[in-house]
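Participant: Turn these sequences into a full structure, and let the hints steer you where they fit.
With UniProt numbering applied, the first sequence covers 1 to 385.
Worth flagging that the hints you see were computed from the coordinates, not collected in a lab.
All values derive from a computational prediction rather than experimental measurement.
Keep in mind that a hint or two might mislead.
[To be verified] FRET-style restraints, in silico, Cβ to Cβ:
hint	residue 1	residue 2	range
1	Arg43	Pro68	24 to 32 Å
2	Asp28	Gln382	45 to 53 Å
3	Pro304	Asp106	53 to 61 Å
4	Glu66	Arg16	37 to 45 Å
5	Gly174	Gln62	25 to 33 Å
6	Leu370	Thr240	22 to 30 Å
7	Leu353	Ala158	16 to 24 Å
8	Gly274	Asp71	42 to 50 Å
9	Glu56	Gly256	50 to 58 Å
Glycine residues also receive a C-beta, built at the ideal position from the N, C-alpha and C atoms.
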Amino acid sequence: MVKRFFSTELLEWYERSKRDLPWRRHRDPYYIWVSEIMLQQTRVDTVIPYFHRFIERFPTLQELAEAPEADVLKLWEGLGYYSRARNLQRGAQQVMELHGGQVPNDKLAVAALKGVGPYTTGAIMSIAFNQPVPAVDGNVMRVLSRYFLIEDDIMKNATRAGMEVLIEQLIPEGRASDFNQALMELGALVCTPKSPHCLTCPVMMHCEGRLAGMELQLPVKSKAKPPRPEFRTVALVEGTGREAGRVLVRQRPAAGLLASMWELPHMLLQEAPGVAAEATDEQAMDLLIQELAFSGLYTRPLGPYMEAEHTFSHIHWNLRVYRMEQLAASVAAEAGVRYEAAAALEENMARSLWITREDMALHAFPKVFLTILNRYFDEREQTYK
DNA sequence: AAACCGGGGGT
DNA sequence: ACCCCAGGTTT
1 MVKRFFSTEL
11 LEWYERSKRD
21 LPWRRHRDPY
31 YIWVSEIMLQ
41 QTRVDTVIPY
51 FHRFIERFPT
61 LQELAEAPEA
71 DVLKLWEGLG
81 YYSRARNLQR
91 GAQQVMELHG
101 GQVPNDKLAV
111 AALKGVGPYT
121 TGAIMSIAFN
131 QPVPAVDGNV
141 MRVLSRYFLI
151 EDDIMKNATR
161 AGMEVLIEQL
171 IPEGRASDFN
181 QALMELGALV
191 CTPKSPHCLT
201 CPVMMHCEGR
211 LAGMELQLPV
221 KSKAKPPRPE
231 FRTVALVEGT
241 GREAGRVLVR
251 QRPAAGLLAS
261 MWELPHMLLQ
271 EAPGVAAEAT
281 DEQAMDLLIQ
291 ELAFSGLYTR
301 PLGPYMEAEH
311 TFSHIHWNLR
321 VYRMEQLAAS
331 VAAEAGVRYE
341 AAAALEENMA
351 RSLWITREDM
361 ALHAFPKVFL
371 TILNRYFDER
381 EQTYK
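Facilitator: See below:
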């Protein structure tokens, strides 16, 4: 039977070809869990150094559960999808409270953990506990859609659910861990999206997609909407006096995009479409000056500094960064600037900080702001030498 | 079902 | 420039 052939050949190939990955060196459910969360929408080579640093800092689930959230975010800095880190820590706290610190060997209990969906449930149950639970990710859907010539849209939840049923029938007795990992390994190393290596594929002989010459058309996947462009004006405010040598950063709200991350102050240029992109430097700087003054900080513009871009799944940021200089309140008063709003907005400023380059090690920044800040501090050091 | 949620690497 | 990646949560 074709299905039996598939599982047997696949397992034999996996034993021969599997990569030596850090999380394959033990069966600690906590390590499996951390690796699976990091691997969501992220390549193996990217994850490996993050995994080592994370486990070194949080060797046990309990240490993760009890850590400050800021420490967790800092270790996740640059990986993206930061809610993964927040949910992983919440999940660890759930395990401490509900399961005495041991990841439960129970499908429903695992699925109830924060940040653990159908895929990760299957990955933990099978890889850590060798339980026959499907773990259907993008790799698995690509392999199955080709091998069984399934033309359903893999963007639909129903397609994934159908493939889970199929996988349940394919898992060999007692081999759930190896079988699920073998499927993903095949998708990662052989049955790749663009140029599948069919000639070295262990299951090529019975691959219906290949036999039909359809391997490059599969899987069928509906297109995602392109990210909407946003034009933003960014303030790189240099401190003066007591804050000399420091730059103003602020923390984002605890929910939503880049939750709790730190950044340079910036704002959306929300003119009519097309106009935002063409706002003059003077207009863009004026907006920042007004916004900062509203928070009780008086500044004067020094001029354009650099441009940067940052793409999310659904938004594309076009950033124009302006250097600005902190103005002492007394100077601002002499210049006729009114600042009675300052006291009322103390709490607004509570989420702002003046930082040095060394302070960057204490706060997590999205990549684009790391790039800007590092360039600025680099050039500043050069100037002083 | 669709939108929201980062960043990097392959092609 | 576009696609894809060991997805999950929210609406």
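Participant: May I ask you to test the hint 37 to 45 Å on the CB atoms belonging to Glu66 and Arg16?
Facilitator: Given range 37 to 45 Å: holds, Cβ gap about 42 Å.
Participant: Has the hinted range 16 to 24 Å been met by the Cβ atoms of Leu353 and Ala158?
Facilitator: 48 Å, violated
Participant: Kindly confirm whether 53 to 61 Å is satisfied by the beta carbon distance between Pro304 and Asp106.
Facilitator: Given a distance of about 58 Å, which is inside 53 to 61 Å, the answer is holds.
Participant: Quick check: does the Cβ-Cβ distance between Asp28 and Gln382 fall within 45 to 53 Å?
Facilitator: 46 Å, holds
Participant: Determine whether the Cβ-Cβ distance between Gly174 and Gln62 falls within the hinted range of 25 to 33 Å.
Facilitator: Taking Cβ atoms as reference, Gly174 and Gln62 lie about 31 Å apart, which means the hint holds.
Participant: When you take the CB atoms of Glu56 and Gly256, is the distance between them in 50 to 58 Å?
Facilitator: 30 Å, violated
Participant: Does the beta carbon distance between Arg43 and Pro68 stay inside 24 to 32 Å, or does it fall outside?
Facilitator: 28 Å, holds
Participant: Indicate whether the distance between the beta carbons of Gly274 and Asp71 respects the range 42 to 50 Å.
Facilitator: Check passed, 43 Å falls within 42 to 50 Å.
Participant: Does 22 to 30 Å hold as the CB distance between Leu370 and Thr240, or does it fail?
Facilitator: 24 Å, holds
Consistency note: the structure conflicts with the earlier hints numbered 7, 9.
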